[in-house]
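Q: Residue numbers (the working numbering), protein chains in the order written: chain A, 465 to 649; chain B, -8 to 307.
It is possible that some hints are incorrect.
Lysine-lysine pairs mimicking BS3-like chemistry, simulated, CA-CA at most 30 Å apart [stated by the list, open to error]:
hint	chain 1	residue 1	chain 2	residue 2
1	B	Lys173	A	Lys549
2	B	Lys128	B	Lys281
3	B	Lys128	B	Lys152
4	A	Lys611	B	Lys128
5	B	Lys208	A	Lys611
Label-pair ranges, simulated between beta-carbon atoms [as the list claims (entries may be wrong)]:
hint	chain 1	residue 1	chain 2	residue 2	range
6	A	Ile470	B	Lys208	39 to 45 Å
7	A	Val471	B	Glu295	46 to 52 Å
8	A	Asn491	B	Glu131	38 to 44 Å
9	B	Met277	A	Ala498	55 to 61 Å
10	B	Glu113	A	Phe481	26 to 32 Å
Examples of chain B residues toward chain A, derived with CB under 8 Å [claimed, not checked]:
hint	residue
11	Gly55
12	Val221
13	His224
Hints are computed from structural coordinates only; laboratory data are not their basis. All residues carry an ideal CB built from backbone N, CA and C; glycine is no exception.
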Amino acid sequence: MSTPLIVFAVVLIVGIFIYNTLVSRRNQCDNIFASIDALLKKRYNLIPNLVTLMKESMSYEKGLLERVTELRSKALKPDLTPEQKIAIADELAAPLHGLMVAVENYPELKANEQIMQLMRTLNEIEEQIAAARRAYNQAVTDYNNAKQMFPSSLIANWFKFDSRPLFEAPKEQRENIDIKELLKQ
Amino acid sequence: MSIKSSELLNFYYDDLYPELLELEKERKKIAKSVVLVALVVGGGALFVIFEYYEANFDMLMQGGIVSFALVSFAAGWLMSGYKRRFKQNIFAKIVAKIDPNLNYDPHGMMPKALFVSSGLFESRIDFYEGNDLIRGKIGEVPIEFSDLKVEKEVRDTKGRKYRSTIFAGTFIITEFHKNFSKEVFVYPDVAEKYLGVAGGWLQGVLSQKLVRMDSPKFEKEFKVVAEDPVEAHYLLTPNIMEKLVELRKRADAPIYLSFRLNKLYIAISNGGNWFEPTIFKSLLSMDTFKSYIENINLILGIVEELNLNRRIWSKE
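Modelling step: build the complete structure from the supplied sequences, incorporating the hints.
A: Structure follows, in structure tokens:
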């Protein structure tokens, strides 16, 4: 075999390898985003129950309850972009957090095992969402690095690999809701 | 669990010192005997080799191996009574002092099935031994650990059999406060530690299941293998990763973890001598005494530090 042919073959193999790596990293981002989406849905499914159970007792937090319900229906609209989904989820974090804290002021709610169970589940899902976002951001960072670094940047540009956005968690979501304190009271 | 240092000193002098003095005498005698045996065996081996065989490298190597085996065997025999006394009269008291709820069995060990179910090491095991089983509860969380020596028989290129170590160290099983359905494994990271970025890249290429975590410090020490990256991030929170890096530093030994079958398995590859009496170092030294306490506390601390005590989640 002549030298140019060997060089060409090596370049081709390396090229295919880099292309496949880029595809698998991009798929990884999308897979993890699908997990975030599924977790957010799980969270939205809990809300109607929670609101119904709390409405009776919570006289002062009507505003919070309404806001949570409103954001939930907004989030369940079809055809939202990933950015919109995350934005709504972030917007929901504050009133939801508010509700969880507000439970503290209602002894009858804290005595309700059903509500406490819901709170625990909600707390677990919040943690899972936070974890999924971390996993997603890490995957996007890896993908973007591969996309920007030479020589894989050549192939990424050639085949027009599009970027994926990073979703930094808002501050109130990073501070975990301390349900332990809540249950201790 | 945490004992004040003044209390520790009282405990050392009131409860252990008289027995330690006795044991120290015994230790000195044994150390002398072991040295004597080594000299006799080593000298004898050299004499035989030079007198009756050709003194080439291969011969000397074989003589060395046989002598070492003989001396180890003799040392084990000489030390057995001393070890037993140390464990019954000293180590058992130390364990009880740290936490009276802990149950210590010097001859007990982690069952083989549990070691295998960790999924951390290969399951073809030919030799399985262990001792110093400690069980108990930290708060509500059960914990169990023992020293283990796990080996398999392999043959070298010349067909000679020898034992190859699969794991030697302290093996710990405890519960984890979070629900998880998929397995997550944490291994010491050799590639990234020594090869840096290139090592990390190589790992990514070689293994599809490798999950990159979002803590550079953690990534430098460990590698994570998991089916689901979300699950890995869920179990390994930033806080837990920080604690594991710290544990790695303090234990000064490779650490393996697996989250599997609703349990957390931790293997500290420390050689398995954390709970053994010294032989060539004074038993009376405060450092020796402290190291026993520190090592147990390190293990019990894992449970606390990994927040396993917070059983407030939906897992009942």
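Q: With reference to the structure, classify each hint as holding or not holding.
A: A quick look at each hint next to the structure:
{"no.": "1", "hint": "Lys173(B) <-> Lys549(A)", "result": "holds (26 Å)"}
{"no.": "2", "hint": "Lys128(B) <-> Lys281(B)", "result": "holds (22 Å)"}
{"no.": "3", "hint": "Lys128(B) <-> Lys152(B)", "result": "violated (42 Å)"}
{"no.": "4", "hint": "Lys611(A) <-> Lys128(B)", "result": "violated (50 Å)"}
{"no.": "5", "hint": "Lys208(B) <-> Lys611(A)", "result": "holds (24 Å)"}
{"no.": "6", "hint": "Ile470(A) <-> Lys208(B): 39 to 45 Å", "result": "holds (43 Å)"}
{"no.": "7", "hint": "Val471(A) <-> Glu295(B): 46 to 52 Å", "result": "violated (59 Å)"}
{"no.": "8", "hint": "Asn491(A) <-> Glu131(B): 38 to 44 Å", "result": "holds (41 Å)"}
{"no.": "9", "hint": "Met277(B) <-> Ala498(A): 55 to 61 Å", "result": "holds (58 Å)"}
{"no.": "10", "hint": "Glu113(B) <-> Phe481(A): 26 to 32 Å", "result": "holds (30 Å)"}
{"no.": "11", "hint": "Gly55", "result": "violated (48 Å)"}
{"no.": "12", "hint": "Val221", "result": "holds (4 Å)"}
{"no.": "13", "hint": "His224", "result": "holds (4 Å)"}
Against the hints set out earlier in the document, violations occur for numbers 3, 4, 7 and 11.
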